[in-house]
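Trainee: Residue-level listing of the chains:
There are 2 protein chains.
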Amino acid sequence: MDKITVIGSGLIGSSWAIAFANAGYRVHIYDRDESSFANSERYIRQELASLTSNADEVIQRITYTALLAEALEDAGYVQESIFETLEAKQDIFSAMDALVGEDVILASSSSSIPCSAFSEALGHRAQCLIAHPVNPPHLIPLVEMVPAPWTNASVTEKATLLMNDIGQTPVVVNKEIEGFILNRLQGALLNEAWWLYQEGYASVEVIDKCVRDGLSHRWSFMGPFQTISHNAPGGLVDYAERFRGFNFEIAKSRANPTPWDLDAAKNAAAEVEAIESKMGLDDAVTWRNDMLRSFKQWKSDSSNS
Amino acid sequence: MDKITVIGSGLIGSSWAIAFANAGYRVHIYDRDESSFANSERYIRQELASLTSNADEVIQRITYTALLAEALEDAGYVQESIFETLEAKQDIFSAMDALVGEDVILASSSSSIPCSAFSEALGHRAQCLIAHPVNPPHLIPLVEMVPAPWTNASVTEKATLLMNDIGQTPVVVNKEIEGFILNRLQGALLNEAWWLYQEGYASVEVIDKCVRDGLSHRWSFMGPFQTISHNAPGGLVDYAERFRGFNFEIAKSRANPTPWDLDAAKNAAAEVEAIESKMGLDDAVTWRNDMLRSFKQWKSDSSNS
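Chains as they are written, first to last, in the UniProt record's numbering: chain A, 1 to 305; chain B, 1 to 305.
Don't read these hints as lab results, they were simulated from the structure. There could be a bad hint or two in this list.
Said to hold, decoys possible - Derived list of chain A stretches under chain B, where covered just means 3 residues or more per stretch with a C-beta under 8 angstroms from a C-beta of chain B:
1) 43-56
2) 60-73
3) 100-110
4) 186-193
5) 200-207
Glycine included, C-beta positions come from ideal geometry on N, C-alpha and C.
Start from the sequences, fold in the hints, and give me the full structure.
Mentor: Dropping the structure here:
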């Protein structure tokens, strides 16, 4: 499996192309809109320059096409990364289904729509699964592998091995659910954050600092379960006995949820802009990617020490 | 305000003593149980050895007493860090109220009980507030400052300045709520994590990796609001418009919560133990504190670069 096809040349598709090409794979990027290729190539060049001293060599492995059949020819693994609506996923997977053979794996970067929602009617449905990355995948290792009920077990296994091979950290989710694991965890925290902000308990900056300068210090190397097992003398069971009452109160207090208020979103957006301009940064995405690269290096150094 | 009193010589109290003494303050630790002093001193010596080359000098600033009146004499700031039950907080705050003058600040490390629940009837209630740390405070900077409705504004201000002075990152919460901000955010994520685990969607290791190797990469330097503002082309408002439907579905799916199942806690505890022993570490707390120290150093280096 030395040829990878990336469907969609946006930020996620381009980031995937970097991850695959930097690990030695040939990458064919498909987009029906040829005018997007220049932006994609610019982003890939810029990011590769910070990742490797062989940027010129790596970029030779990446080619573009606006022809789906050409993109899929000889591909062993396809990473679909287009706009996230059910209809868009159904259309592209039907189109691919008509063009591919038995040996290719068709993975989707879908962040919340389960694979069964767009693969059920396909002839090649046993070759389909979700490989959901965290944005941007060339800088954040986790990938959620979520098979549909009809996905062949060997497809999930091979796709997981490929993710390991390119240096990602794949995790296999046992059964489908909207949002999978990562975005449900983030969503639960966001829903509480949004409510606390809307109700005036704290500013965006205070809420963000509680995560950035508080919770993240433990979560950067321990997950939530391992963290709480350190927060009661008797470990996780002791923690559960002490704090499940408190956490049940939190859950009950959110039993009548309302959607996020869009006026609150406007105010919150202004507060985020104030935080970002306080840093004096022209380009917040460049800063973010620099920080992600530095953090990834810290994790790599500290886990080897 | 050069003398600090720490009430309670457990892990949180001892960690606070390290933070204050290492910043140059004299610290008087009170505990009614003198037999706990040896453990506290051992922990403080061990941690100071990793924090400073002046450990012998710093530890000279810390003294112990089992007499509350002696502990409070000349104190400018009190950091109460005893067992967390409402009755225990009421008892110790009543006892302190009878002994102190007008100038001392009485702060509680309470992680969820609001200050008004145990300070309403006190003569010195205007001097009371919450200063909730993240465990352990000498290695994690965030402190939530939560005044009661009757807390004097200058008390909140002085306590916040003191936290800045010792190198913590204080945030002021606008109004009281059980669990304040940090533990409500953690609790919302934990409730979802617990449900996903109990229902068999993923293992403890998979859930922990989703945070450790996924969400934490962004949250280590951006909070949740700043993070999502980077995850839609049009920023935070665009993100809200695209994803509030999905997040509302998550919220609605948890509208009939049940308490954490204690049998699930036993299984989860076994999975955490397997993760920790896989690391081959004898002492998980030592490892955790080493990682926290390293992470704090990374944050300090990367924010100065």
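Trainee: Against this structure, judge whether each hint is valid.
Mentor: Quick rundown of the hints versus the structure:
Closer than 8 angstroms: that is the beta-carbon criterion, and the region 43-56 of chain A has 0 residues meeting it against chain B, so the requirement of 3 is violated. With a cut-off of 8 angstroms between beta carbons, the region 60-73 of chain A has 0 residues touching chain B; three or more are needed, and the interface restraint is violated. Here the region 100-110 of chain A counts 0 residues with a CB under 8 angstroms from a CB of chain B, which misses the bar of 3, and the coverage is violated. For the region 186-193 of chain A, the stated coverage by chain B is satisfied: 8 residues place a CB nearer than 8 angstroms to a CB of that chain, which reaches the threshold of 3.
Under the rule that three or more residues need a Cβ within less than 8 angstroms of chain B, the assignment of the region 200-207 of chain A holds, with 8 such residues.
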